[in-house]
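Undergrad: Residue numbers (numbering that gives the first Met the number 0), protein chains in the order written: chain A, 0 to 327; chain B, 0 to 214.
By construction, these hints were calculated from the structure, which means they are not laboratory data. Watch out, some of these pointers could steer you wrong.
To be verified - Keeping only pairs whose Cα atoms sit at most 16 Å apart, straight-line, the calculated EDC-like set for lysine to aspartate or glutamate is:
| hint | chain 1 | residue 1 | chain 2 | residue 2 |
| --- | --- | --- | --- | --- |
| 1 | B | Lys92 | B | Glu120 |
| 2 | B | Lys159 | B | Glu99 |
| 3 | B | Lys190 | B | Asp163 |
| 4 | B | Lys190 | A | Asp153 |
| 5 | B | Lys92 | B | Glu135 |
| 6 | B | Lys160 | B | Glu135 |
| 7 | A | Lys67 | A | Glu44 |
| 8 | B | Lys160 | A | Glu157 |
| 9 | B | Lys89 | B | Asp141 |
| 10 | B | Lys159 | A | Asp153 |
| 11 | B | Lys159 | A | Glu157 |
| 12 | B | Lys132 | B | Glu164 |
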Amino acid sequence: MTKRNLKAGVNQCSGFGLKMFTEDELFDIHCATLEVLRHTGIKVESKEAQEILGDGGCIVNPKTNIVKFPAHVVEDAIRSAPSTVFLAGRNPKHDFVVDGKRVGFTNFGEGIMINDPFTKEYRQTTKADVGRVALVCDALDQIDVHERAVSARDVHPEVAVLHEAEEFFTNTSKHCFAGAGTGRNLKKIVEMASAIVGGRDKLRERPIYSSLVCPTSPLQLIQDCCDVIVECAREDICVNILSMAMAGGSSPVTLAGTLVTHNAEVLSGIVLSQLTKKGAPVLYGSSTTQFDLRYSTAPVGSPELGMINAAVAALAQYYLLPSWVAGG
Amino acid sequence: MNRDEVLANAIDAMVNCDEKRALEIAEKAIAAGFDPVDILSEGFSVGIRKVGDLFGRGELFLPQLIQSAEIMKKVTGVFESVMTKEAAEKKGKMVIATVEGDVHDIGKGIVISLLRTQGIEVIDLGRDVKTEKIIEAALEVDADIIGTSALLSTTLAGQKKLEDELRKRGLRDRFKTMVGGAPCTQRWADKIGADAYGEDAADAVEKALALLGKG
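Isolated chain A (complex conformation) (with noise of 0.2 Å):
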């Protein structure tokens, strides 16, 4: 038989993927973004907020409430933000582990009226939709995390997210994100996750939960999002950041210029988070995707939206983060 050696030192590549940009072009993105952020600024609602930022060596207008970043406080951010995130589920068979270039799937989470899957009505969402779908969630092998998937609108708006707690972590032991809307209801549903696993330290050990954020396109952080994503990096909870900027209505026309802006969202929220607790856990998120200038609507199924996706997942690699894109 004829001999066939093994080869040295082979670079190999496995894996399907779409390359949209070469490193020269990401720093582009990314000097881009570092002008915006140090001269531009973000309007940054919360005076807490500001107050961190301002000790972390960002120049703050306390009366127009604008917030330049300078360049090194942006990249330091970058840098101590981690590479790899452990998110647990209630169950350690559902354990599972954000990183590089590993590819994970969840559900979408804004769902607010429902197909009733007995009665057939068309209806709005319930408390016990919430359990329900999360049930279904669990037992779907492609589904690696759950995220809330649709609204309680049967309960109280204000608490609706503890409600909704209540059903998904009940009905899946899987890794569960939810948005907390408030800081106040991001800490009780800490108090919640960490009477599930057996307490506050054990919380920080195997956290069950993440939440998630939207920075307000274009470049500003309200007081909510301020607040979740300061009391997520003090409970140690990962934060999921998301931008849903919509090329043409909220953000640049221009793909290129959207994903700037984008950028320069997600890394103020970045920023806040590691300015307030180094090292803090954190998503690189999009739902960013362009606006119909006819219809006057964001297409979330539009081609550039994946173009985005894919674009936001180059940048957040670049940048050796995690990521998470539409639709989830």
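On the provided structure of chain A, position chain B as indicated by the hints.
TA: Same frame as chain A, but now just chain B:
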């Protein structure tokens, strides 16, 4: 140039979003001694209404809508310096806000632009506006309609809060109310007792005009 030509040019300039031309026509009209109120209401206003209609039909897009509103502002500015009496009669007055706890306002912005093209005076209170502030503003400007926008199912209740507050203060009959936003539906509007529901910007305009009796 006779009156008909001026009006036709004004309308054309608006529909083509030609700021330079629009301002030229405005200046020329003033220089030639035409009645500014007449040129505004029968020329430029007709033009911008046409823009609004074309946008509603999907033939003109959002940038043109915004642009035409900007041009209208500038043209009105040019005329205001020579006008002695009130400008083209407003069809009505509306205060509009995104409800408390909600910061989504892009849709609201589009609705406002479109409403203004139809000659409705709109006072934009912004976003995350407390119910009390909305009512105060409506009273202060003596609004005909109060419009509220919400994008979150969790802030939608702000629209009901407005209805309840108005009733509580015995003010409900003083205003017409209109609601809109992604989680908002006709059913919700009926449930809370709002006078109208606008599904999108074009629908909002139709409903607003109907509420003002000018539809």
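Undergrad: Quick one, are Lys92/B and Glu135/B close enough, alpha carbons at most 16 Å?
TA: With a Cα-Cα distance of about 15 Å, the restraint between Lys92/B and Glu135/B holds, given a limit of 16 Å.
Undergrad: Take the C-alpha atoms of Lys132/B and Glu164/B, compute the straight-line distance between them, and say whether it is at most 16 Å.
TA: OK: Lys132/B and Glu164/B at ~11 Å, within 16 Å.
Undergrad: Need the status of pair Lys160/B, Glu135/B: alpha-carbon distance at most 16 Å?
TA: At roughly 14 Å apart (the allowed maximum being 16 Å), Glu135/B and Lys160/B satisfy the hint.
Undergrad: Straight-line Cα separation of Lys190/B and Asp153/A no greater than 16 Å?
TA: With Cα atoms ~15 Å apart, Lys190/B and Asp153/A stay inside 16 Å; holds.
Undergrad: Does Asp163/B lie within 16 Å of Lys190/B when you go C-alpha to C-alpha?
TA: holds (12 Å)
Undergrad: Taken at face value, is the distance from the CA of Glu157/A to the CA of Lys160/B at most 16 Å?
TA: Distance ~14 Å between Lys160/B and Glu157/A Cα, so the pair holds.
Undergrad: With a cut-off of 16 Å on the C-alpha distance, tell me whether Lys92/B and Glu120/B pass.
TA: OK: Lys92/B and Glu120/B at ~5 Å, within 16 Å.
Undergrad: Quickly compare the C-alpha distance for Lys159/B and Glu157/A to 16 Å and report which way the hint goes.
TA: holds (15 Å)
Undergrad: Has the given pair, Lys67/A with Glu44/A, been kept, meaning a C-alpha gap of at most 16 Å?
TA: holds (13 Å)
Undergrad: Below or equal to 16 Å on CA atoms is what counts here, so check Lys159/B against Glu99/B.
TA: holds (12 Å)
Undergrad: Are Lys89/B and Asp141/B close enough, with their CA atoms no more than 16 Å apart?
TA: holds (13 Å)
Undergrad: For the pair supplied as a hint, Lys159/B and Asp153/A, is the alpha-carbon distance within the 16 Å limit?
TA: holds (15 Å)
The structure fails none of the hints (numbered hints given earlier).
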